[in-house]
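*Asks:* Given next are the chains, with one letter for each unit.
There are 2 protein chains.
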Amino acid sequence: MTDEKLTPRNVDFSEWYNQLVLKAELADYAPVRGCMVVRPYGWALWENIQAALDQRFKATGHVNAAFPLFIPMSFLEKEKAHVEGFSPELAIVTIGGGEKLEEPLVVRPTSETVIGSMYAKWIQSYRDLPVLINQWGNVVRWELRTKLFLRTLEFYWQEGHTAHTSEQEAREETMRMLGVYADFAINEGAVPVIQGVKSESEKFAGAVQSTSIEAMMGDTRALQAGTSHFLGQNFAKAFNIQYLDTNNTLQYVWTTSWGLSTRFIGAIIMTHGDDQGLVLPPRLAPIQVVVIPIYKNDSERSIVLPVVERIKAELAGVRLKVDDRTEVTPGFKFNDWEMRGVPLRIEVGPKDVEKGTVALVRRDKPGKEDKSLGSAHGRSFVPQVGLARTVDLLLSEIQSSLLRRATTFRDGNIQDPKDYTELKEMVGNGWVFSWWCGSQECEAKVKEDTKATSRCIPLEQPGGKRKCIVCGKEASEKVYIAKAY
Amino acid sequence: MTDEKLTPRNVDFSEWYNQLVLKAELADYAPVRGCMVVRPYGWALWENIQAALDQRFKATGHVNAAFPLFIPMSFLEKEKAHVEGFSPELAIVTIGGGEKLEEPLVVRPTSETVIGSMYAKWIQSYRDLPVLINQWGNVVRWELRTKLFLRTLEFYWQEGHTAHTSEQEAREETMRMLGVYADFAINEGAVPVIQGVKSESEKFAGAVQSTSIEAMMGDTRALQAGTSHFLGQNFAKAFNIQYLDTNNTLQYVWTTSWGLSTRFIGAIIMTHGDDQGLVLPPRLAPIQVVVIPIYKNDSERSIVLPVVERIKAELAGVRLKVDDRTEVTPGFKFNDWEMRGVPLRIEVGPKDVEKGTVALVRRDKPGKEDKSLGSAHGRSFVPQVGLARTVDLLLSEIQSSLLRRATTFRDGNIQDPKDYTELKEMVGNGWVFSWWCGSQECEAKVKEDTKATSRCIPLEQPGGKRKCIVCGKEASEKVYIAKAY
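Going line by line, the protein sequences match chains A and B. For the first sequence, this note's numbering gives the first residue as 8, with consecutive numbering after it. For the second sequence, this note's numbering gives the first residue as 8, with consecutive numbering after it.
Hints are computed from structural coordinates only; laboratory data are not their basis. All residues carry an ideal CB built from backbone N, CA and C; glycine is no exception.
Ranges between beta-carbon positions, derived for each pair:
hint, chain 1, residue 1, chain 2, residue 2, range
1, A, Glu-455, B, Glu-334, 53 to 63 Å
2, B, Cys-478, A, Val-70, 54 to 64 Å
3, B, Gly-471, A, Pro-337, 55 to 65 Å
4, A, Pro-337, B, Leu-251, 22 to 32 Å
5, A, Ala-59, B, Gly-419, 42 to 52 Å
6, B, Leu-251, A, Glu-307, 26 to 36 Å
7, A, Thr-415, B, Ser-407, 54 to 64 Å
8, B, Lys-474, A, Thr-333, 55 to 65 Å
9, A, Glu-307, B, Glu-207, 53 to 63 Å
10, A, Val-70, B, Lys-454, 40 to 50 Å
Isolated chain A, as found in the complex (with noise of 0.2 Å):
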């Protein structure tokens, strides 16, 4: 990391996320164009992210398990709409072992055709059923113009393939890992997401239903942070996956899958950061604390250092840093833990010592309204005694803190505009949330008028009946609009 400030978010917001994420040390561009790594502080925070939904996964009963990365070619043909959707995004293997393969293999780019067939040999009877795995893996669909987290040849990610005995069993499967995820996202991201069913023309390729959490950008755009779709028997059918029910009867299964992905490290960035760099929301942070002595000579050194000590003992319950680098001086390491969001930072100098407190900085500057703590060019002193506690309650303040900011200036650039000529104007600046008819010729002008798309179709809607923005037919449920990444 430079001692160079980011671009601000307002001068240039997609230069400024480019720079955050390179300084802030979370990933870097790898040799292969449109690749990725995610580097030891980005794969700390995706392994927090791991961790909070495996036990989400797990609690709703879910197993993992591991399918392989090579699909054939045919497998993928056996969906027409699947092949279609994912064609144009394949990287294909043809040689192996030094040979050209007789038939050529695709590197999943995602795995209901492969877990279809593995299930077609599993499943036999209504008593195997549901099944219900996640795989953790990585997958690739080609795409070049590299934007890290975002849009990547390769991405990590976790995609959930459920089978059921009826139809009602796995649409509430769907609707089910979809409130996870926004669970999930909201109470641990403080990410406000919102739920709801993607349209026709947004569904995944294969899909029956496909839902989706939707959230806010700080530039405004919208991002859809992870998807659960209803799959119907188009799998079951492709790959034959059948069971003999309570009346000895063959029946072909009903499936879903769901999927969040690397792009979420994307929405927390731009859900929180500021212009000096990454906003942690503490239930993830890699680390929640640092600690920084202060010292001006080896004097002050020897008595600060022991009280440092003390603390970080203290704080075993929360994940702390001490930076004890010498060679750099307090100013750039605040600058360096601000740029990689840590959401509280603790200083302790001889000043400190005497008294018997500390200074404690919060990243995410609240505003007035916020400021829980008295303080003094932003840093708060509080007792030494009794830290752990005020630490813990600071770490849920600033948790909370977060999510209602963020969801404050999502509400706020959310308009409901009056036609379809202020809409236009709207849509440049914030999302839409408008009445809509539901035809695809609509949704195809707004897009083409606008480059905006339909995000979802939210789960709660106010009821009645209207009518649709565009053409002023009767419309009966509202569509969120929105640039989107």
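Fit chain B to the supplied structure of chain A, relying on the hints for placement.
*Replies:* Relative to the frame of chain A, chain B by itself:
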């Protein structure tokens, strides 16, 4: 799982292994030849292996990151020995996004080259060193003679890659990580392993020195269960990984790499398994204790189940499963969980409820010297009171007993032949441990005559000098020679 028995180990060890992997539902064959599906039970075992290793890596100062799956073909060519070793095993992507690629991409068989290219970018000064990074992921080495876990086209592993300022530090790291693997194998896997140095002809393609942990399987063949390599400056020079030292002079770094894979699951199976199926060491077992309620009718059931629930609550500290399936008999359940290697079974019937006892059955069927509890038909009857402590002690005892048994077996199958003729006879039936002059000619002769290979030159040596068992020239080291997986 079916009721059929496994082919006994002494009839056909290889067939026993193949059947066990499928019947215990650890893994399955994928549609692409050579590929493997790791089923949920096998993956849960791998997750426990990962956790035990990851904790050790972090305790020794390492962090995790993720490097890309695709490597430009030209990168492999930069290190001569490396490309020669790996070329015959590569899977190559030639088509991406519908177009023929200008430069083919290799699906990583290991990541020294791509990680080297990133280290060249990240490392500038001695202050940036050491770099201690590990990666959990999948790699591909073309291989069609599939043996699940042991030999598959794609497998899962971790690969550590470190860079240091001095040769000594890099050599220390190589041995430190070998020690970490040995500690893990012995204390978590109950797999007694021997740490040693590989011969020149058996070393990693691109290494200066390779070391390994070697284990003896139930058929007395050897299995290399983890490797740690000192790479010298080979990759530093190939990828120009240089740093400014304290005198402001450019220097090449010294690097290491080390890996342990899903192959270790094969080691566990073949070290501890018996004719009834898998036997898992308690510390890694996904399920440590299975509780089976025994009853003949609803009335008995209503007496037994509340006790089972209480036991489950009391044993909250262990990984426990209650098997309350009603469609299968207790006998079926016994066989089923024995096949899956669950270390301890608890049976609770109406008589147990009456007497305040439970029946315990150890999966590892200890010999006389291990019988710490009285028994009848393999069952021990113990009071429900204090069960948590009884179970803890018993799981520890099973863990040590497995290690003792495997060590005794191994040591009983290592021989010290008096001459080369005896070596040739003995090596078909266990390992030999012989003096060796270190020449590649002698090693090649043994391989040609016996199909056995040098496994490792163990770190622990008797000292002194004798005659090479092959050529009779002076030898200062002993080597393990065995047929290997």
